[in-house]
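Using the sequences and the accompanying hints, generate a full structural model.
Below, each chain spelled out in residue letters.
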Amino acid sequence: MLTPYEKILFAVVAAVSLYLASVTFRRMIRTIMRGQGRLFRDGLPGRVMTGIKALASQNNMIRNRPFVSLAHTAIAWGFILYMAVNLVDVLEGMIPGFAFPGEGAAGQAYRLIVDLMTAAALAGMAALLIRRFIVKSPALDIAPQVQLHPGAADGIRRDSLIVGFFILGHVGFRLLGASFDIAIDGPDPWQPVAALAAGLWTGMEPSYLTFGLHASWWMAIGLVLVFLPWFPYSKHAHLFMGPFNLMTSRDRSSPGAMDDLDFEDETVEQFGAGRITDLDRTHITDAFACIMCNRCQDACPAYATGKELSPAALEVNKRYHLRDHMKSLAKDGDDSEPLLAYAMSESALWACTTCGACTEACPVGNEPMFDILAMRQNQVLMESAFPNELKGAFTGIERNGNPWQMAGDRMEWTETLDFKVPTVAENPDYDVLYWVGCAGAFDPGAKDTARAIATVLHRSGVDFAVLGNDESCTGDLARRAGNEYLYSIAAEGNIETLNASGADRKRIVTGCPHCLHTLKNEYGTLGGRYEVMHHTQLIGDLRNDGKIEVKEEEGTRATYHDPCYLGRHGGEYEAPREALAAARPSLVEMARSRNRSFCCGAGGAQVWKEEEKGREAVSDNRFREARETGADTLAVGCPFCARMMNDANKRAGEPMRVRDIAEIVAESMKA
Amino acid sequence: MNIIALVKQTPDTAQLSASMDGLRLSAEGGPRIVNPWDEYTLETAIQAREEHGGKVTALCLGPPEAADALKTALAMGVDEAILVSDPAMADSDSLTSARILVAAIRKIGRFDLIVGGRAAIDGNTAATAVQVAALLGVPLISYVADIGSLDPEHRTISAVRLLEKARETVTSRLPALITVVKEINEPRYPSLIGIRKAARASIPVWGCNDLELDASTVGAGASGVDWKTELPTTREANVEMIDGGPEDAARTLVDRLMEEKVI
Numbered sequence: 001m002l003t004p005y006e007k008i009l010f011a012v013v014a015a016v017s018l019y020l021a022s023v024t025f026r027r028m029i030r031t032i033m034r035g036q037g038r039l040f041r042d043g044l045p046g047r048v049m050t051g052i053k054a055l056a057s058q059n060n061m062i063r064n065r066p067f068v069s070l071a072h073t074a075i076a077w078g079f080i081l082y083m084a085v086n087l088v089d090v091l092e093g094m095i096p097g098f099a100f101p102g103e104g105a106a107g108q109a110y111r112l113i114v115d116l117m118t119a120a121a122l123a124g125m126a127a128l129l130i131r132r133f134i135v136k137s138p139a140l141d142i143a144p145q146v147q148l149h150p151g152a153a154d155g156i157r158r159d160s161l162i163v164g165f166f167i168l169g170h171v172g173f174r175l176l177g178a179s180f181d182i183a184i185d186g187p188d189p190w191q192p193v194a195a196l197a198a199g200l201w202t203g204m205e206p207s208y209l210t211f212g213l214h215a216s217w218w219m220a221i222g223l224v225l226v227f228l229p230w231f232p233y234s235k236h237a238h239l240f241m242g243p244f245n246l247m248t249s250r251d252r253s254s255p256g257a258m259d260d261l262d263f264e265d266e267t268v269e270q271f272g273a274g275r276i277t278d279l280d281r282t283h284i285t286d287a288f289a290c291i292m293c294n295r296c297q298d299a300c301p302a303y304a305t306g307k308e309l310s311p312a313a314l315e316v317n318k319r320y321h322l323r324d325h326m327k328s329l330a331k332d333g334d335d336s337e338p339l340l341a342y343a344m345s346e347s348a349l350w351a352c353t354t355c356g357a358c359t360e361a362c363p364v365g366n367e368p369m370f371d372i373l374a375m376r377q378n379q380v381l382m383e384s385a386f387p388n389e390l391k392g393a394f395t396g397i398e399r400n401g402n403p404w405q406m407a408g409d410r411m412e413w414t415e416t417l418d419f420k421v422p423t424v425a426e427n428p429d430y431d432v433l434y435w436v437g438c439a440g441a442f443d444p445g446a447k448d449t450a451r452a453i454a455t456v457l458h459r460s461g462v463d464f465a466v467l468g469n470d471e472s473c474t475g476d477l478a479r480r481a482g483n484e485y486l487y488s489i490a491a492e493g494n495i496e497t498l499n500a501s502g503a504d505r506k507r508i509v510t511g512c513p514h515c516l517h518t519l520k521n522e523y524g525t526l527g528g529r530y531e532v533m534h535h536t537q538l539i540g541d542l543r544n545d546g547k548i549e550v551k552e553e554e555g556t557r558a559t560y561h562d563p564c565y566l567g568r569h570g571g572e573y574e575a576p577r578e579a580l581a582a583a584r585p586s587l588v589e590m591a592r593s594r595n596r597s598f599c600c601g602a603g604g605a606q607v608w609k610e611e612e613k614g615r616e617a618v619s620d621n622r623f624r625e626a627r628e629t630g631a632d633t634l635a636v637g638c639p640f641c642a643r644m645m646n647d648a649n650k651r652a653g654e655p656m657r658v659r660d661i662a663e664i665v666a667e668s669m670k671a
Numbered sequence: 001m002n003i004i005a006l007v008k009q010t011p012d013t014a015q016l017s018a019s020m021d022g023l024r025l026s027a028e029g030g031p032r033i034v035n036p037w038d039e040y041t042l043e044t045a046i047q048a049r050e051e052h053g054g055k056v057t058a059l060c061l062g063p064p065e066a067a068d069a070l071k072t073a074l075a076m077g078v079d080e081a082i083l084v085s086d087p088a089m090a091d092s093d094s095l096t097s098a099r100i101l102v103a104a105i106r107k108i109g110r111f112d113l114i115v116g117g118r119a120a121i122d123g124n125t126a127a128t129a130v131q132v133a134a135l136l137g138v139p140l141i142s143y144v145a146d147i148g149s150l151d152p153e154h155r156t157i158s159a160v161r162l163l164e165k166a167r168e169t170v171t172s173r174l175p176a177l178i179t180v181v182k183e184i185n186e187p188r189y190p191s192l193i194g195i196r197k198a199a200r201a202s203i204p205v206w207g208c209n210d211l212e213l214d215a216s217t218v219g220a221g222a223s224g225v226d227w228k229t230e231l232p233t234t235r236e237a238n239v240e241m242i243d244g245g246p247e248d249a250a251r252t253l254v255d256r257l258m259e260e261k262v263i
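Residue numbers (this note's numbering), protein chains in the order written: chain A, 1 to 671; chain B, 1 to 263.
Watch out, some of these pointers could steer you wrong.
Claimed, not checked - Label-pair distances were calculated between CB atoms; the ranges are: (1) A:Q270 <-> B:I263: 53 to 59 Å; (2) B:E65 <-> A:A385: 26 to 32 Å; (3) A:E337 <-> B:S202: 36 to 42 Å.
Because the hints were derived from the structure by calculation, they are not lab data.
Here the structure is a predicted model, which is why all the values come from computation and not from measurement.
The C-beta atom is built at its ideal place from N, Cα and C for all residues, glycine as well.
Here it is, written out as structure tokens:
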């Protein structure tokens, strides 16, 4: 199709484009490689499948924002198809007589699919442009209290406009090309949309039509060649960096399980992330994979309550900083600018509840939560600059083995029970180790829950024991507050105690999802491998075995608040609901439940400090939602959720009853 | 500026247990900590150095285990730590302790400012630092809640003392000794880098020979004061939960307190 001059011109333009792209892509890859750790490749076929599946199915998108996701799916599928279409078009242009896949049925099908997908992609892109620039969807804004790179707000708009017109132009000119083809060669029933467009050229001179055909080819293919080197500087890079990110990320034992730091290695001089090159490579990749859709921001409890934190802004700020410094970073240049100078404010850093909603919501597998945790590590381990209230909790764990700084007896909660709770020393042949947790031992509300759990265990004949005063804080709060060193000391101590107690050969049950998550998912790398259950899971087993019978209590309606560390981090949504439904058959769900559950505000060591300034308390926001269900009982499965919801309940004038599921079950057990 | 921080290791009085040998430090005597007032001492000294340059030396008198307290001091950021320890010095009273500390301070040499805590939580005499000042013949400003100005060039210090019902600003020449109260600052939490530096640091131990002290002039034998401590016996406490709204609960609480003749 192309003239010889055009072919030469194409070869030159393509060569220049590929050369420039090799320069900018290498720059991007070298920048990523400035990070720590590695990009993961183990089990490569599975990883590749993960990426392909995410790209082809668009599953990660469709869970939220259905209409936008539909438009995106049209564009994404269109683009996947266009990878083949562009190749075919280039070959058709360069090789005279080349026609793929011919004129037969295959060709008809190909032309029909391309034609329809072209129309769908154009419609999808138009819809997204209208959403951003005409409807001005507020979901695309980042609130003014959040720190944002000075160039980002305009930059994102400009980038979106360029990408939008690139897609409209690329796909649109391909359509016009097909329409000129029809105008020249005659009607093609297999390209209904192009045929419709061909109507525009009725009566046009053949030379104009040929010019139109060539011009369209050049625009459609030329736009790709122009855009190609620009990809690493555009958020549109997400189309391959998204799947790449999903393919190269760390396999975690849970979505929130953190990596250990090596404190033995004397040559290590940086702990946590002070600067962008201290972040993991996978987390620098996050910034390149981010399309700035703000889905993580939609899910973030800190953002929803007016704090300075937006996980989306974090990725945007990282990306714009990288954009500004990519050339120097790629050449091993020094980047001395602290992350806290541009990525987020200190208040934002300490506003994160580590609920994991951001990582759950992100379609491209970004983990903003882990950047926050790494930055907290830098603040605690390197700078010793963190909210003052946390010092008390740290000192408590160090000296008293609990963050409350309580020097008391960890068995005191058992004194009002009418049966004896045995310690491991008293009952070394136990079947189940009940890990009470610091809350169960010291928090007045959680002691009631601990007694309820012990009662359920006792009445259903479970042979159990507790560690008593040998139990100590798991270190979850220290770890989530950035004090990895204290966590490692706490963890090693507990692992020694647990293994000496034979807990590694038994089952552990706990009422605290934070203890559960740490014992089950984080101690493994330090030599503590345990089978750990939440009390509601054990209740489920006991009911299945007919060990306990629960009376249904009619006339009360309960709603259930998913604890982040049992739900999103622990993957358990059903056991608590089943245990609760046995006693309270009329369970009403909150709008945000299961993997979309909204945090109570306690996690990530928040409960040990003042809440960062914002519009409202996270707990009030969640409690309001619970109340709107019309339920009279708010069932919880975590002592910290219980405390936050109890406080919110008190502030609201106690319209609800806040109870742990263990208490509800214990109350309604048939004696 | 050369600053000396006086640090003591004490039992964690929040965790007194019957297994402890009174309030004396012993290996099995429960957890031992940096005297909480001395955390403020260390923070004061470190902040002064951060502002005016120079060097902070932490000085501790105690058994060999007290080196742990100096590790904490090093982790917080002091430049040097010296442990004064000798079996002969055991059970020195405050005046004898002050004499030993003064010998150590003279061995350290030049100093511009000595900082101590208002008291140690175990003996609670609040006397040792005062006696050190007296023996050295330097001015003392006690109960300091704020250092208004510290001027190494003109060799003056102006500090605010926290008195029971007033605040008193005292100006003195340097060298001087100050004792601090917890209102003065917020002690820092040692960073991991600090902890690692402290773990690598060697802490010199000075005994009677190093300080050229005759063993007969130190320890229990040379002390005019002897003491005996009894740990509080646990008292039976009744817990009574008061239900009701804030106003009702407050009213009930007042009634109950009056019934019990507490008020």
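Hint check results:
1. Roughly 57 Å separates the CB atoms of A:Q270 and B:I263, a value that falls within the hinted 53 to 59 Å.
2. For B:E65 and A:A385, the hinted distance range of 26 to 32 Å is satisfied, since their beta carbons lie about 31 Å from each other.
3. Roughly 37 Å separates the CB atoms of A:E337 and B:S202, a value that falls within the hinted 36 to 42 Å.
When held up to the earlier numbered hints, the structure conflicts with none and fits them all.
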